[in-house]
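J.: Residue strings, one per chain:
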Amino acid sequence: MTATSLGAPVERREGRQKVTGAARYAAEYHLPGRAHAWPVPAPVARGRVTAVDTSAALALPGVLAVLTPDDAPRLAEPEDATLAVLQGPDVPHRGWCVALAVAETLEAARAAARAVRVTCAAEPHDVGLDPGHRDAYEPKETNAGYPGRVEHGDPQAAFAAAEVRVDTVYRVPPLHNHPMEPHTSTAHWDGDRLTVYTSSQGGTTVRSVLAQLFRLPEDTITVVSEHVGGGFGSKGTPRPDVVLAAMAARHTGRPVTLAYPRRSLPTTVGHRAPTVQRLRLGAHTDGRLTAVLHETTTHTSRVKAFVEQAAVPARVMYAAPALLSSHRVVPLDVPSPSWMRAPGEAPGMYALESAMDELADALGMDPVELRVRNDPECEPGSGKPFSSRHLVECLREGARRFGWAERDPRPRSRTEGPLLIGTGVAAATYPAAAVPATASARALPDGTFAVRINATDIGTGARTVLAQVAADALAVPVDRVGTEIGHSDLPPAWLAGGSMGTASWGWAVHEACAELASRLAAHTGPLPADGIETRADTAGRADADSPYARHAFGAHFAEVAVDSVTGETRVRRLLGIYAAGRILNARTARSQFTGAMTMGLGMALTEGSTLDPAFGDFTETDLASYHVPAHADVPAIEADWIDEEDPHLNPMGSKGIGEIGIVGTAAALGNAVHHATGIRFRHLPLTPDRILTGLLAGG
Amino acid sequence: MTSANKPAPDSEITLRVNGKPHTLHIDNRRTLLDLLREDLGLTGSKKGCDHGQCGACTVLADGRRVNSCLLLAVALDGSEITTVEGLGGDGEEPHPLQRAFLDRDAFQCGYCTPGQICSAIGMIAEAAAGHPSQVTDPATPSGRPVPLDRSEIRERLSGNLCRCGAYPRIVEAVEDVIR
Numbered sequence: 001m002t003a004t005s006l007g008a009p010v011e012r013r014e015g016r017q018k019v020t021g022a023a024r025y026a027a028e029y030h031l032p033g034r035a036h037a038w039p040v041p042a043p044v045a046r047g048r049v050t051a052v053d054t055s056a057a058l059a060l061p062g063v064l065a066v067l068t069p070d071d072a073p074r075l076a077e078p079e080d081a082t083l084a085v086l087q088g089p090d091v092p093h094r095g096w097c098v099a100l101a102v103a104e105t106l107e108a109a110r111a112a113a114r115a116v117r118v119t120c121a122a123e124p125h126d127v128g129l130d131p132g133h134r135d136a137y138e139p140k141e142t143n144a145g146y147p148g149r150v151e152h153g154d155p156q157a158a159f160a161a162a163e164v165r166v167d168t169v170y171r172v173p174p175l176h177n178h179p180m181e182p183h184t185s186t187a188h189w190d191g192d193r194l195t196v197y198t199s200s201q202g203g204t205t206v207r208s209v210l211a212q213l214f215r216l217p218e219d220t221i222t223v224v225s226e227h228v229g230g231g232f233g234s235k236g237t238p239r240p241d242v243v244l245a246a247m248a249a250r251h252t253g254r255p256v257t258l259a260y261p262r263r264s265l266p267t268t269v270g271h272r273a274p275t276v277q278r279l280r281l282g283a284h285t286d287g288r289l290t291a292v293l294h295e296t297t298t299h300t301s302r303v304k305a306f307v308e309q310a311a312v313p314a315r316v317m318y319a320a321p322a323l324l325s326s327h328r329v330v331p332l333d334v335p336s337p338s339w340m341r342a343p344g345e346a347p348g349m350y351a352l353e354s355a356m357d358e359l360a361d362a363l364g365m366d367p368v369e370l371r372v373r374n375d376p377e378c379e380p381g382s383g384k385p386f387s388s389r390h391l392v393e394c395l396r397e398g399a400r401r402f403g404w405a406e407r408d409p410r411p412r413s414r415t416e417g418p419l420l421i422g423t424g425v426a427a428a429t430y431p432a433a434a435v436p437a438t439a440s441a442r443a444l445p446d447g448t449f450a451v452r453i454n455a456t457d458i459g460t461g462a463r464t465v466l467a468q469v470a471a472d473a474l475a476v477p478v479d480r481v482g483t484e485i486g487h488s489d490l491p492p493a494w495l496a497g498g499s500m501g502t503a504s505w506g507w508a509v510h511e512a513c514a515e516l517a518s519r520l521a522a523h524t525g526p527l528p529a530d531g532i533e534t535r536a537d538t539a540g541r542a543d544a545d546s547p548y549a550r551h552a553f554g555a556h557f558a559e560v561a562v563d564s565v566t567g568e569t570r571v572r573r574l575l576g577i578y579a580a581g582r583i584l585n586a587r588t589a590r591s592q593f594t595g596a597m598t599m600g601l602g603m604a605l606t607e608g609s610t611l612d613p614a615f616g617d618f619t620e621t622d623l624a625s626y627h628v629p630a631h632a633d634v635p636a637i638e639a640d641w642i643d644e645e646d647p648h649l650n651p652m653g654s655k656g657i658g659e660i661g662i663v664g665t666a667a668a669l670g671n672a673v674h675h676a677t678g679i680r681f682r683h684l685p686l687t688p689d690r691i692l693t694g695l696l697a698g699g
Numbered sequence: 001m002t003s004a005n006k007p008a009p010d011s012e013i014t015l016r017v018n019g020k021p022h023t024l025h026i027d028n029r030r031t032l033l034d035l036l037r038e039d040l041g042l043t044g045s046k047k048g049c050d051h052g053q054c055g056a057c058t059v060l061a062d063g064r065r066v067n068s069c070l071l072l073a074v075a076l077d078g079s080e081i082t083t084v085e086g087l088g089g090d091g092e093e094p095h096p097l098q099r100a101f102l103d104r105d106a107f108q109c110g111y112c113t114p115g116q117i118c119s120a121i122g123m124i125a126e127a128a129a130g131h132p133s134q135v136t137d138p139a140t141p142s143g144r145p146v147p148l149d150r151s152e153i154r155e156r157l158s159g160n161l162c163r164c165g166a167y168p169r170i171v172e173a174v175e176d177v178i179r
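Note that the protein sequences, when read in sequence, are chains C and S. So for the first sequence, full-length UniProt numbering puts the first residue at 1; every next one is plus one. So for the second sequence, full-length UniProt numbering puts the first residue at 1; every next one is plus one.
Just so you know, these hints were derived from the structure itself, not from any lab. Be careful, since some hints might not be right.
Claimed, not checked - Here are the in silico distance ranges between beta carbons for each label pair:
#1 Pro78(C) x His51(S): 43 to 49 Å
#2 Gly403(C) x Glu175(S): 44 to 50 Å
#3 Ala139(S) x Arg572(C): 21 to 27 Å
#4 Gly41(S) x Ser55(C): 47 to 53 Å
Unchecked claim - Which bits of chain S does chain C cover? Going by a derived footprint, with three or more residues having C-beta under 8 Å, they are:
#5 25 to 36
#6 73 to 85
Note that CB positions come from ideal geometry on N, CA and C, so glycine has one too.
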């Protein structure tokens, strides 16, 4: 029983609260006297605020205050410049917060925000991403600390000399995270003690950032993130909501909730930066790669340098004697980009895996076999051996289950009336890493156990899986273990991000529980009334350098029907097979895989944002214009995994699984559209207008 | 400062919410969603977009599913409202659809979940009453119950977005209670 708690499909511990409406999210703490805040966005894309007239707003009933750049509380300079809100007159992009209305009710706050008159001195702006832009530069580092460029062999010469060549450009537009719960914080001051209830992926970071900004000792700040309505990267670090709520609460002396309006999210909370990616693949006629060149250009804001690391997967995926993986970035007058599920890997693998499909086409080779033939011995970018790599097994198992062998490889070979049917494949990869965390475990006289760690459950099932990790280490039934998470009074731990949450938290929980188990084994007689407690800190182990390259892998298979009359692409089947170490909870893991595949479906077919050159704003700002997949878009999605043992990861043997499902899904769908239509579309999303234009031009 | 301002126009209305009557003085701008969340503390109904675009705020008004963020409460005097908190009745046991959501792992972050559940309950009643959907075979006799296959369920629940992508599990949960 006990040894099997890891991996078992245990039901979510907070599930009952979520289905009955009892689970409380950040806006749902009704503190006495609570007021509501509403942000006022900048009316220009670049310039300076010259005047903020608050008189009409303050004359409205129920309005308590309007904070402006002139009178808002002064903050220490933040490390993340997007948090320097209301600190000065400069407007770096559309949507930048230039005032904040605070009122007794939501209605009054909203009316007050609309009544604030902001005057700006506008300056010319530039929001157009062009790889030839004069300000483009090669960054030393990308997001997540990768070198901007990796190059070995002589890639240009190797490509020029290749027997078979693919030279192609793929474009991914800006994408928005849009978690269902908007970014929200409720803040309350008691003297110099600050409490915030915030929709965040990691309360430990929120606390340290607030301490720095408000010049407070960390132990005077309490951060609660009990339930979080999704994040997908956009709640990874604090966003302006928590800073503004705390400022407004201090200014008014009242508890204040700021729930960002949906239409403010695209400019405020980060987005996936657009990429223009040039792929050059050179190969022998037998399919062996001789050169892989992946060069990507992206944008960032004037506020901070965030470089979507789209060329990084080329350093992981395929064996080739010559490799170039490089990034360029253009600072523009755009909102600051940030993390969105699998930053780098999601857009990068869309381009690389689409180009691999083009190469298979050029070679007349099966795309599964092409990938198998180029499976490397060691990680191409670093030369390190893989701790485990079972991409080939995922491709083989997926091909078997999908019925790949029966596929007629000729494009446009299968039709049903006006429908063109096609299938496609793409590989997936995501790093398997961990960071230090602390945790405590306590054995109580009644035979139960209490595990405490400031982990966050953004929908992954963290409470449940950590109880399973603890039960496994303690060799007790999982229902005897209680888990407390989501509160900054608990032992600190890193955020739910980078697919590192469970590995990092589980490591600390495992160590605390293993230590507790040995203490209990040595203990005789009844336990003291308050039990026995152990604590663990994995610093120095979780972050130790590894001689291995550690990544999860997977394979995606897709079948689509493209309507040759309307240009609409409908997904018929989507299958993902993963090799992601030990799967710790079969039920919640499957949900994470299929959920990320659904987001990949959106990336391929429905989701896309545009920066309007004239106004400098996103044009798709709400859920009626930015199309996240709906029920009717999502057919049978299946996810499964192969058993993978990897002793070089963490005590559980697990790899992160929150992001890999989006990686490669868009390429599998795009490759299926090519197989269906015979036309290669290289600009996401594959909406009917683009497909129909292609069909009319090429068909 | 506040006291000097003219108060916002308000009205008195009476609603039955989850079987209990409530008489409230409300700002005429107040939506049903904000009334539930702010005045009654029924925060199970969620605010995802405040624009009628995501469905997280779905409740039942006189038995029909509605986006509560799009309804002004002042126009609902005398209505009977059921929210996710009221589905299980007075008993300890959750509604069978709530149970099915647990069995199928039909949610992750949980924020769209109350809306999905209320919407599905309203949808099942609509199909039983013979309302067709965009995917219903036009040859289906009108007025008779429409059988809910997977494409009917998907079509009829498409007003309820789930960014975690729990859709296949939600459809299975609905199938569990209509079988």
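J.: Hint by hint, note whether the structure agrees.
T.: Evaluation of the provided hints:
1. With their beta carbons about 31 Å apart, Pro78(C) and His51(S) fall outside the hinted range of 43 to 49 Å.
2. For Gly403(C) and Glu175(S), the hinted distance range of 44 to 50 Å is not satisfied, since their beta carbons lie about 25 Å from each other.
3. The hint said 21 to 27 Å for the Cβ distance between Ala139(S) and Arg572(C), and at roughly 24 Å that hint holds.
4. A hinted range of 47 to 53 Å is violated for the C-beta pair Gly41(S) and Ser55(C), which are about 35 Å apart.
5. Counting residues of the segment 25 to 36 of chain S whose CB lies closer than 8 Å to any CB of chain C gives 4, which reaches the minimum of 3, so the coverage claim holds.
6. Here's how the segment 73 to 85 of chain S fares: 3 of its residues keep a CB closer than 8 Å to some CB of chain C, so the rule of at least three is met and the hint holds.
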